Amino acid sequence: MVERVGAWVTSRTRDMFYGLGFFFLVARETLSFFRRRVVGRRVLSLQILFTGVEAVGVIAVMSLALGAVIVIQGLSLLPQLGQGKLIYTILIIVITRELGPVLTAFVVAARSGTAIATELGNMVINHEVEAYLATGINPISYLVVPRVIGVTVSTVILNLYFNVFGLLGSYLVTLFTQPVGFVEYYSGLLAALSITDVGTSLIKSFIFGVIISIAATYYGFKVERAPTEVPQMAIHAVGRGVVLCIIADAVITIAYYLR
Amino acid sequence: MEHAARLKELSVIYEGYPVLDEVTVDFPAGKTTVIIGPSGCGKSTLMKAAAGLVPPDRGRAELLGFDLGRISDKDLRSLRGRNGFVFQDAALWQNLTVRQNLALPVEHHNPGLDTSDVGRRFEPLLSDLGFVGQMELRPSQLSAGERKIISFVRALVSDPDILFLDEPTTFVDTEVSERIVRKLKNLHDRGKTMLLITHNPEITSQLADYLLVLKRGRVLLFGTLQEVVHSANPEVSAILSNVLSEAATYDTDILSLLDRNSDPFPDM
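One line per chain: the protein sequences are A and B, in this order. Following this note's numbering, the numbering of the first sequence begins with 1 at its first residue and continues without gaps. Following this note's numbering, the numbering of the second sequence begins with 1 at its first residue and continues without gaps.
Hints were generated in silico from the structure; no laboratory data involved. Note that the structure is predicted; figures quoted are calculated from it, not measured. Every residue, glycine too, gets a C-beta built ideally from N, C-alpha and C. One or more hints might be untrue.
What the hints assert, rightly or not - Label pairs and their in silico Cβ distance ranges: (1) Ala-255(A) <-> Glu-9(B): 31 to 39 Å; (2) Gly-30(B) <-> Gly-57(A): 53 to 61 Å; (3) Lys-185(B) <-> Ile-235(A): 46 to 54 Å; (4) Pro-111(B) <-> Ala-255(A): 27 to 35 Å; (5) Glu-22(B) <-> Arg-28(A): 14 to 22 Å; (6) Gly-119(B) <-> Arg-259(A): 55 to 63 Å; (7) Gly-16(B) <-> Arg-28(A): 52 to 60 Å.
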């Protein structure tokens, strides 16, 4: 029993240090990515296309629908309490500060996290990563760094899209339920919105993007020999990525209210 | 430099099983060493360990004078540009086209090079090997033989000082195989160091300066072609006969086939 617990602790500790080493290696290579004329920029463009551009549709539908739901729920309850104006604050708190970054991160993890972990895992199995090493191309700077930058940039931009569509969607619903003027509606929203809200939202997206991409690339490279490891690692990549995002979200939110 | 690559008491262990067990060998510079042994004896792992692609669990590996366990990132990048590797399964990058597979290493080591100049690095090699396939196809759309040709060209495209060739002629037809061997002989004459895994006695007899015989992850014998062919060790003779005769279709004694003095084939 003691031996098994010891082995588990040793294994987890080794994994943690390996993960930290991987993170610092990626951070170091990321710093030099823009200084060198590297062939990885093509990979970066493709990653932004896949993670950012191709996900706009999903984000738009989700945020429009969500904005509508929040407005319908809010408008059915708040006026009864004489707090109809609170809908603007609630929209900003829910969409800008919380659900925007978190749901965007979930979409990115589900689409790009699995794709990256699966692609890298298959590359390991097919000896493609060894081929990069053999030709002198550092797999961290060519395969990982462009994906980390691409996913992070895309997550931040998708969060902005989420906010635009979410707040726009809520306006469209208010037109059906309690018509208000465009200027009045957006004045109410802007009055409820602070720079700190926007900053918190962007910081969250940035951190979530880094977490999702690092988890996906890390678990992609954890595949060693068998193709059966690929889906297992893809599940780990998304599962751990999402859990870490939620933990980070809690920490940032607590820090926001403690300031 | 006397030795292009050197392994010292090197062991590689997978899941507690020693794939390579205390291997010590010096690969002479400017010479071709053919590695032979039964399937699963660790030939590919040995070649990857010598190239620094598989880290040893014990012992150390040196390549072109650098200790691979202590080399700096900068030296390693420059060292990689001086060696080429043909993988047993070609290991082409599946998400890139044939052209991109060949251009990427050139672009990486020569940033800013014109697209037409990049193409000029590999087009003559493709022509020499008789590749007439579409350059915009993905590797999965090529035959196994075509993939092997592209893998071979990718290894040569940076004009490496040392070449690691893991069965470079498998899957290719006789004509392409002859072209590859001719290219290898040319590289051999230009003083390139080559480590070659093959089961083909004809290629072995034409290219090998040295033979390394492996058995269950251990070096059974390393010596010049003549020394190994004429070894009195019955295990060595058995491996030579068993391994090389698998690919031989000639009705002749396998050892005399390897013996250059007997010259059973005209030069290709």
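Do the hints match the structure? See the list:
1. About 53 Å separates the C-beta atoms of Ala-255(A) and Glu-9(B), a value inconsistent with the hinted range of 31 to 39 Å.
2. For Gly-30(B) paired with Gly-57(A), a C-beta distance near 60 Å keeps the hint of 53 to 61 Å intact.
3. Between Lys-185(B) and Ile-235(A), the C-beta spacing of about 51 Å keeps the proposed range 46 to 54 Å intact.
4. Distance hint check: the CB atoms of Pro-111(B) and Ala-255(A) are about 42 Å apart, inconsistent with the given range 27 to 35 Å.
5. A hinted range of 14 to 22 Å is violated for the C-beta pair Glu-22(B) and Arg-28(A), which are about 35 Å apart.
6. Taking 55 to 63 Å as the suggested C-beta distance range, the pair Gly-119(B) and Arg-259(A) conforms, at roughly 58 Å.
7. Between Gly-16(B) and Arg-28(A) the C-beta distance comes to about 34 Å, which lies outside the given range of 52 to 60 Å.
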